[in-house]
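> Given next are the chains, with one letter for each unit.
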Amino acid sequence: MLATRSQSSAVALTLSLLAAIACTRRGGCRDEYCGTLVVTATGSITTLLPPLSDAAAERDIFDQIFLRLADLKAGASTIGDSGFVPQLARSWEWTDPLTLTFHLDPRARWQDGPPVTATDVQFTYESYVDTLVSSADMTTLSHIASVTALDSLTAVFKFKDRYPEAFFDATFHMRILPEHVLRNVPRAEWRTTPFGRSPIGNGPYRFLRMVPGQSVELVADSGFFLGRPHLRRLIWRFATDLPVAVTQVIAGDADAIEVLVSPPNIQRAEATPHLALYPYAGGTYTFMRFNLRANGNATRPHPLFADPDVRRALVLATDRASMVQSVYAGHAKVPPGPIAQMWTWLWDIPGLAPPPFDTTQASQLLTMRGWRDTNGDGIRDRAGVRLSFHVAVPTTSAGRKQYARLLQEQLRAVGAELVIDEMDNAALSEHEHAGTFDAALESWQTDPTPSSGVPQIWGSAGGSNYGHYANATFDRYVAAAAKAPDPSAARADWVAAFATLDRDAPGIMLYALDNVAAVDKRVTDVQVRPDSWLALVRNWRIPPDQLNERDRVGH
Amino acid sequence: MTAWLLRRLAAAFAIVLAVVSFAFIAIHLAPGTPFLPEEGRPINPAAVARLRAEFGLDRPLPEQYVRYLAALAHGDLGESFSQRRPVSQAIASAIPSTVRLAGAALVIDFLLGIALGVFQAARARRRSDAALTSATLFLYSLPVFWLGLVLLLVFGQWLHWLPVGGETDVVLYPYLSFFGRLFDRLKHLALPALTLGVIGAAGTARFQRAALLEVLGQDFIRTARAKGLTQSAVLVRHALRDALLPVIALLGLALPFLLTGAVLIETVFAWPGLGKLATDAIAARDYPLVLAATLLASVAVVLGSLVADVLTALADPRVRLTA
Amino acid sequence: MTVITWLGLLAAVIWTTTVVSWCRRAARGPHGEAWRRFFRHPTSTAGVAVLVFFATAAVFAPLLAPYSPSRQLDIVALQNHPPSWLFLLGTDVYSRDIWSRLLFGAQVSLGIGTLGMAVAVGLGGLVGAVAGYFRGWTDAVLMRLVDVGLSIPRIFIVLLAIVLWERLGTASLILLLGLTGWFATSRLVRGEVLSLRERPFTEAARAVGARSWRIITRHILPNALAPLIISAALGIGHMMLLEAGLSFLGVGVAPPAPSWGNMIAEGRDQITTAPWTSLFPGLAIALTVMALNAIGDALRDALDPQAEVTFPAGD
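Residue numbers (this note's numbering), protein chains in the order written: chain A, 1480 to 2034; chain B, 55 to 377; chain C, 53 to 367.
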């Protein structure tokens, strides 16, 4: 008897436990405006205050919280203003060649209530250019003389000079900040102010909560003046590195990922029935930069790389097409210069093509410059100096680590020795900045226009020109391109600039990625903008009949 | 006993100080600087220099060291460079996760390990013992992260039985009932805890088996056997208590593991514990966070060995406490 | 795989069985008491076989490997090729033959493990002997140092690796492994020496007027060999696992030199499309460490049947 009673109570207990486990709250959201998108990303969040942010993951998040004055259409030209759509500004005009007037949309409101006014715009500009804030976009705003608020809905930008991308500079980089909240915080304290971890914005989504190092959750602002977002919640989930993030998406623990990067990941995603793939033009390019000055001593030329023929020979010796095929299986292209795929108008232009692969010519060039293998060790030398150099590779990039090993073998075939130094990002930055490197494998994220990044990375006065490449002709073409009156004139200048750079070979241009995003199939109306893949996420939707448990939960 | 305890605590303090000092020197010697943007973005040297000055990194190293120790004496662990909040908060949020993972792993480790060890010793030199010896040997020799990767692949991706990372479901957790949350946590905990626990259990089993066999070979056991007691009675009543002693000491040594976390496993399973925190902090050159993690870890190790000694002494009055 | 390399593999297997049977024959001989105790363990034969095989493979790698370990055969067509007759263990993502890399990797992994262990055991033995022999202040100071060393958490080791990396390379890896592994050995040796110094032969040596240094090196250390040898056998395995872990975190042996640890790290991204890339080096490490642990256990029985049960060396 006792046994039966304890048996049946055990059964009852188990059943109720199971029922409790199985039951999440019933009901929940079931209509057009439900939907939870879990985005998996690598990296971490330090701050969500736009002028202080340095990370792509942060930008994806605050793009939903803060608006620009006007937004760039996908694939549109950055010259003039025809490629832009109104956001916070309903309309604008050039009142004179140096003055740009924006009329703000009166419906725009901050998420804590007050309307967005021109005072916010003025405050934002002053913050972005304040040295205490040291925004990364300071240099791009250097053409602007001042921003003033004429009245509560009119903001006036005065420029120092007139140039074609003035509108782009005025709108693209700045996200308008709430003056009424931030005016009481001294700019020196912006790095640590709680606002950076709990921002109040004016965009389609509002910040809900953040678990540092793990997740950020945004919730849709149902009163958003440009239309209520269909997806109710956006949740970013942070993984330690790419393989972990991809595994999460494939297993269904997350719904979307920005870039799958490698062919194995793409294959896995293709084989996963619930994922749809969205290829789009990538905004990064990767190259091996040569240091033209001596390793550790910028006053003297580099014993190997000061000679342009040696550099050209090394470029010719590398089979970049095969490497791209091996590492990215067609999901990247060899760029005809330091050019990302996002700049579609610079590709497939006769006169601008990647240097060929020709080991014979490479060997001839090297021999002609006096590099011969005199001691039979397989590596060329000249006057006692071996054709051997170190390349700095970041440990965080699987693609570049692969390339380093491939390059090592290919260069060995022409008698050059490449020694691989893998190091973490902090060490790599230090070496690049101090000039204590021979070569480095670098990858840069670009803006929709080359004019903000290229002078910095390759221009003789550029702050990121770690290899000290200097060619006055190149600089002239770049300056001309920034001032070109229309897109075709600009293109001609850029083509000439990059052709010059290709001839000088300050680096080996290796690949420009095709980005492939993966999003769960239940999400429809997916539009991906190349410069910021989630820019249009407020238009994505999940039809009511496709809602899954994560979408329905809550209210 | 008290005098011994005080001496040990004093020694412990000195040891922790030494370890933190070494770590201080090491992190400042490491190439690179904190406050850098993400890779592939331009660096603003003026901004970095200003931040370094703001946090006192441009002062001479001895001065920084003294300031750090002074702050530490006041209980101030400093502010994290990468998380922009007090280090104590950053660590406090990671500790529970680490404790949960390490706690579960230790439970599996010791329960399974002791049971296996006793089973093996009871059937010493027979076929089952030999087979288990080979099995535990194999498991003990596996690289932990490799096993984790394989299990993740099999159970997380191919079979979809268990989630592939994190501690709780990012979306559903706040909406689950109490038992739902418990179940969710268990699902996420299963793979990493099993990986660590099973490999640990292999080691513990080997150890327990050896300890028990040694005790079983001693005189007082033969006396008990001669008195006519059965094998299991002998085992449980006489041998086990002595044989459990070394394993209890092992527990004390394993306690530090509770706080140091398993760096490799946390990486593979994206577990938000102290190991991952420390590795990320090193990569970001987040000096205060690295030092705090080192401090915590060395305190745990030192206290752990202290606890092991105390436990052993309490359990066996024959053991004299040596300084 | 060419005919010659197949024959080489066969020769290596035959050589291994020969060596193992030599050892067992020694066990049957009149002076083979220790050997008999050694082989009484169920796993010791297999352990010896595995170790001899990998050691042979390491030494004769240039003869046994069909390809150079860094040779990329065809980065497009032969990438991630599964195991076949041509490529015994398949190819990796750079179209390098995994079997060849495994053989040369044995050189590196076993070499680093042995050298690291040599540093650890050498340093640990010396420190332990000095502390145990001289006692008093020397002992107290040295053992406090050992306590500090044992208290150093794993992350600190990683940190140290990053710091030293730039300056020294592979040498720093060996140094790191050795410097972080000597603490447990020193404790062991100290315990042994503490008892040895009370033995008659030590008193005799002192009575004759021998200097302390001589006593330590000539009389004490040779008798403390047992724990040293056991430490060594177990230590190599521990070092190999540590090296694999460091490679996984990005501070391992520099490419293109293969080590079993960096082969697993390199294969991690291909684990779904080409699992053999990490599977075989992982198995190789597991088998070797297993063999070393088995041998260590058996040695403990063979050399020192009264040995105290000692704590396993950390995690």
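Since the hints were derived computationally from the structure, they do not count as laboratory data. What you are looking at is a predicted structure, and each value in this text was computed from that prediction instead of being measured. Please note that the accuracy of each hint is not assured.
Examples of chain C residues lying across from chain A (beta carbon under 10 Å, computed) [claimed, not checked]:
(1) Pro118
(2) Ser122
(3) Gln124
(4) Asp126
(5) Gln131
(6) Ser147
(7) Arg148
(8) Leu227
(9) Arg320
Quick reminder that beta carbons are idealized off the backbone N, C-alpha and C, glycines included.
> Each of the hints needs a verdict: does it hold here or not?
Against the structure, the hints come out as follows:
{"no.": "1", "hint": "Pro118", "in the structure": "violated, 17 Å"}
{"no.": "2", "hint": "Ser122", "in the structure": "holds, 7 Å"}
{"no.": "3", "hint": "Gln124", "in the structure": "holds, 5 Å"}
{"no.": "4", "hint": "Asp126", "in the structure": "holds, 9 Å"}
{"no.": "5", "hint": "Gln131", "in the structure": "holds, 6 Å"}
{"no.": "6", "hint": "Ser147", "in the structure": "holds, 8 Å"}
{"no.": "7", "hint": "Arg148", "in the structure": "holds, 9 Å"}
{"no.": "8", "hint": "Leu227", "in the structure": "violated, 18 Å"}
{"no.": "9", "hint": "Arg320", "in the structure": "holds, 7 Å"}
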